[in-house]
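Asker: So for the sequence shown, my numbering puts the first residue at -13; every next one is plus one.
Simulated from the structure, these hints should not be mistaken for laboratory data.
Hints may be right or wrong, so weigh each one.
[As the list claims (entries may be wrong)] Label-pair ranges, simulated between beta-carbon atoms:
no. : residue 1 : residue 2 : range
1   : K(-10)    : K32       : 25 to 31 Å
2   : K47       : Q(-7)     : 39 to 45 Å
3   : L26       : S52       : 23 to 29 Å
4   : S8        : V40       : 16 to 22 Å
5   : S52       : I10       : 42 to 48 Å
6   : I53       : Y11       : 23 to 29 Å
7   : L26       : M(-13)    : 22 to 28 Å
8   : M46       : D19       : 18 to 24 Å
9   : P22       : I54       : 23 to 29 Å
10  : S51       : E9        : 44 to 50 Å
11  : Y20       : Q(-9)     : 15 to 21 Å
12  : M(-13)    : S42       : 16 to 22 Å
Here a beta-carbon is modelled for each residue, glycine too, at the ideal position from N, C-alpha and C.
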Amino acid sequence: MELKQDQIVNFLKNYGFVYQSSEIYNGLANSWDYGPLGALLKNNIKQLLLKHFVFSQPDMKLLDSSIILNPLVW
């Protein structure tokens, strides 16, 4: 069975994985918020990636830096 994108999105919305951002204001087509299950899934995937790519390597260190910086930096 081949799933179409709208079927996948409907499943994710119906089961609380994602919600369209600002949905009560008609939302934006490209903005989504994680629901309870989506947040858990995202955190599990993040932990698996960190474990594989960062924590299993002796010469790797974790860094969480600013996303928005002063324009002088650029």
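Asker: List in ascending order the numbers of the hints, as given earlier, that are violated by the structure.
Answerer: 4, 5, 8, 10, 12
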